[in-house]
Amino acid sequence: MPEFWINMGPQHPMTHGLWNMKVKVDGETITDAKPEIGYLHRGYEKIMEVREFQKNVVLTDRLCYVSSITWSHAYCLAVEKMMGIETPERGQWIRVISLELQRIASHLMWLASYGPDLGLLTGLLWCLRERELFLDLIQLMSGARMNQNYPRVGGVRNDLPENFEAMCKRSIEHFLEKLENEYPKIFHESKVFRMRTEGVGTLSAVDAINWGVTGPNLRACGVNVDLRRLDPYETYEEIDFEPQIWQDGGVGDSYARFVVRFNELRESCNIIRQALEKMPKTGPYRVKPPRRAEGEGYAKTEDSRGEALFYVIGDGDDRPYRVKIRSPVFCTMAATPILLRGNKLADVVSILGSVDVCVGEMDK
Amino acid sequence: MSTVVRAAPVVVSGRPVPLIEKEVLGGLRAAFGAKLLDGKVLRPGHLAVTIDRDDLIPVCTYLQKTIGFEHLSCITAVDWKDRFDCTYHIENYYNGCMVQVTAHIPYDDPKIKSLTGLWNAANYHEREAWDLMGIEFEGHPNLERILLPQDFKFHPLRKDFAQEVDRQYITRRKLRGGK
Amino acid sequence: MSAPLIPNLFAVCKVLVAAIIGIVQSIIYALSGPIPPLRGLGDWLGLDAVITVVTYLIVVTIVVLWVTVLNLFTVMWVERKLYSRLQDRYGIMISIWSLPFWPFNRVHRPTHKGLGYLQNLADGVKLIQKENITPRNADSAMFHISPVLIASSTLMVFAVLPWSSGFYVANLDLGILFILAAFSLAPLGILIAGYAANNKYTLVGGFRAAAMLLSYSIPMVLAVIALVVFTGTLDPVKIVQQQDRPLVAFGTTLPLPAWYVFGPQFLGFLIFSVAMIAEMERVPFDIPEAEAELVEGWTTEYSGMRFGIVFAFKWLRMLAACALISILYLGGWSGPVFATLSVGGIPVPIVPEEIWFLLRIYFLAAFFVVLSWSVPRVRIDQILNIGWKRLIPYSLLAILVAAGFRVLG
Chain A
1 MPEFWINMGP QHPMTHGLWN MKVKVDGETI TDAKPEIGYL HRGYEKIMEV REFQKNVVLT
61 DRLCYVSSIT WSHAYCLAVE KMMGIETPER GQWIRVISLE LQRIASHLMW LASYGPDLGL
121 LTGLLWCLRE RELFLDLIQL MSGARMNQNY PRVGGVRNDL PENFEAMCKR SIEHFLEKLE
181 NEYPKIFHES KVFRMRTEGV GTLSAVDAIN WGVTGPNLRA CGVNVDLRRL DPYETYEEID
241 FEPQIWQDGG VGDSYARFVV RFNELRESCN IIRQALEKMP KTGPYRVKPP RRAEGEGYAK
301 TEDSRGEALF YVIGDGDDRP YRVKIRSPVF CTMAATPILL RGNKLADVVS ILGSVDVCVG
361 EMDK
Chain U
1001 MSTVVRAAPV VVSGRPVPLI EKEVLGGLRA AFGAKLLDGK VLRPGHLAVT IDRDDLIPVC
1061 TYLQKTIGFE HLSCITAVDW KDRFDCTYHI ENYYNGCMVQ VTAHIPYDDP KIKSLTGLWN
1121 AANYHEREAW DLMGIEFEGH PNLERILLPQ DFKFHPLRKD FAQEVDRQYI TRRKLRGGK
Chain D
2001 MSAPLIPNLF AVCKVLVAAI IGIVQSIIYA LSGPIPPLRG LGDWLGLDAV ITVVTYLIVV
2061 TIVVLWVTVL NLFTVMWVER KLYSRLQDRY GIMISIWSLP FWPFNRVHRP THKGLGYLQN
2121 LADGVKLIQK ENITPRNADS AMFHISPVLI ASSTLMVFAV LPWSSGFYVA NLDLGILFIL
2181 AAFSLAPLGI LIAGYAANNK YTLVGGFRAA AMLLSYSIPM VLAVIALVVF TGTLDPVKIV
2241 QQQDRPLVAF GTTLPLPAWY VFGPQFLGFL IFSVAMIAEM ERVPFDIPEA EAELVEGWTT
2301 EYSGMRFGIV FAFKWLRMLA ACALISILYL GGWSGPVFAT LSVGGIPVPI VPEEIWFLLR
2361 IYFLAAFFVV LSWSVPRVRI DQILNIGWKR LIPYSLLAIL VAAGFRVLG
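Going down the list, the protein sequences come from chains A, U and D.
Residue 1 is where the first sequence starts when you use my numbering, and the numbers rise one by one after that.
Residue 1001 is where the second sequence starts when you use my numbering, and the numbers rise one by one after that.
Residue 2001 is where the third sequence starts when you use my numbering, and the numbers rise one by one after that.
Hint data in this document are derived by calculation from the structure and do not stem from the laboratory.
These numbers were taken from a predicted model, which means no experiment stands behind them.
C-beta: ideal position from N, C-alpha, C; glycine also.
Just to be clear, a hint being listed does not mean it is correct.
[What the hints assert, rightly or not] Computed beta-carbon distance windows for the label pairs:
{"id": "1", "chain 1": "U", "residue 1": "Ala1162", "chain 2": "D", "residue 2": "Ser2140", "range": "52 to 62 Å"}
{"id": "2", "chain 1": "D", "residue 1": "Lys2126", "chain 2": "A", "residue 2": "Asp240", "range": "48 to 58 Å"}
{"id": "3", "chain 1": "D", "residue 1": "Ile2218", "chain 2": "A", "residue 2": "Gly199", "range": "23 to 33 Å"}
Start from the sequences, fold in the hints, and give me the full structure.
Put into structure tokens, the structure is as follows:
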């Protein structure tokens, strides 16, 4: 039977977003893959040149709508590096808490979509139920569940409300109990789940670094790189946490990526607890940035999906001259032919689901 | 300055090494001297270097093979109206150092060598730079449009492509002569 | 040890039909005073052949309605409610409280009141009023005949499946063989459906379905062979009768009934259940209609009530599979001793056999539902791996074990 190209998408329940994946199959085995992206291209970098610095936060929220605070925070950090200002300490701690809450919500959304990919529809509802806890916390903190417009150049928009700490502790306790008791039963201990994800979509560490894969996908290949540790920003130096790296056998396959992201949920809860203790109880949370700025600055942060880098150039006007957005999913998409080659057609779902694609940041 | 030999599988300390940026800057100055148009330290762990477009491959080869900068993070194309700039952010996983290499490109000849031979990560970034800015990368295996439709005729991120606010609909008030 | 509510459906219906025809006959005789030719019609109606034919029609109607209305709705309700409670949500909620014609429901209709039993009826009505689309360039005859094939082969199963020792349409000597054969006609329908819809996805789904269903028919039949070594008969009523006594093992009488699952047939029970999960196309073996990959698989192009038929008959096949497992291994409709009173030598049921049978079926159905909704689906090559490399050797082992125990007594 000759090889032919199959189109997975752009309308497909599996692809989680609007992009097309052409795979060349020989029977059931994949010989080549060609992603086609750009369906959601909104022209961000051009639009951001027309809006003022502070108003661009509304736009960067919508880059990856599942994990909006992390993207706006990366942009604010880049602009602060360009302007040469620094957030006050309490503002930095609040930023850390908001980032970790958003990371947990993003990973839970990924897990909620990964379960049904493999046929486990119960996973969808359980993960979304837990995600509600964190969306409630984020709403308490910033006023919205999604696209919150919360980080500001120079700090955050508002301080944490009074009952935030108690509610946060309660939610995290409840969530950790669920994570220890209920989730491993349908994911880790399920033989069928491991059969579907182990040995599938392996990526070697050298390949991953060469193709620019970052974040949990890279840590699943055994590489000890976590930008919160390697190049600390905000107050991550003062927090004691472990970057989750997968070092057992089967390095770099879908199961490793799943376990790394799963463990990061636990680590994020740990970080939030420590931040709530170490945070100064009062203090300014925001400084007023200058209106016009000249220079250039870049900041890279550990987004939920990898390394997000913003490079902002200002030329003395009150709006940026050039904003460059580096999206981790864009680079991982380049590595998909390597991920998919040699696997079966039925594994495409498992592999692409474990890579955690968010089309908003890929297409800018 | 120790030369770090790359070995696979990768074993990385995971923490930043202090004062590494001065070492890297010193190494670059020693290797390339006058070809560096500008070199400065931005903040601990980050430095910026400016070169001309012909020195791109030697500098990047030196960074990758000799000092062990294995991660090409980002390729940015900037349109200053009298020249183009191609900025490369290259990161070192061993010591957490990041180098920003800026290559000047003349405005009427927007071509530069492609880095896909050194880092495969450059593949998609260079396609995006070609797509949105129009800078041609020589030696790229597959230089075609990635984010915009295949038959799109312009390079929108250039400064002579009008901003959306300038191309917006004209309100009736404006048509009647108001503001 | 257990007694049916309806000792013999045919006899009961015949009595009723004879009574009704008697009434009709007397009306016709009364009318034949002024119109003499009607007397011949009255005589003809009293013929035994006519009464028998009408009885058969009524019996078939009763059983079909029992299966497709009562049991189908109940098993659909059990599944949808159970899996939604497993997922921490309310589940289906349209019930008699939501109907608009009650006078107390005119202004405010309660949203979360009631069991939700009528939701499936509502979904059926919704599907009926949808447009039936036939894709262009599809093989029209094959496309339309495939749901009919699946439906009719499944209903043939229910023609022979007894629901107690008296409640059946027909009881064949080779009943189990007939049931398994009718069950295995459906893969043909599925393959035809996948091919006829002119769609790359359904074709892949149809191929996968055919491969999986055919390869899991083999351990299914082998497990039944291992059972037949013990029972010596393929008649479902007799098989249940053999299990209706206490278990005698190694000379002592245990307080367990002599169900075949408690004996050396346990391996056969496991193999048969796993093969049945694959035949029912349930998760973990539902790759033919894996919705994440193939957007509904071989059923993609069916819309409206055709989709409803295919979907509903998937549940009916689950019913048939649960019924088969409980007849063969779990004692069918046999109940404990206390469920029957003996009134003057005639066993009168306190809890009749049908109830015991339904209890077993729904217990098995609930187990399959919980299993389906808590595991991901297995990839097609892994499914075929399990079927050929694991189930078939184990089923041969089961035959050996059964033959060994039979020889040893």
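Going down the list of hints, with the structure as the test:
At roughly 54 Å, the beta-carbon separation of U/Ala1162 and D/Ser2140 lies within the given 52 to 62 Å, and the hint holds. Restraint check, D/Lys2126 to A/Asp240: a C-beta distance of roughly 56 Å satisfies the suggested window 48 to 58 Å. A beta carbon spacing of about 28 Å between D/Ile2218 and A/Gly199 agrees with the range 23 to 33 Å that was offered as a hint.
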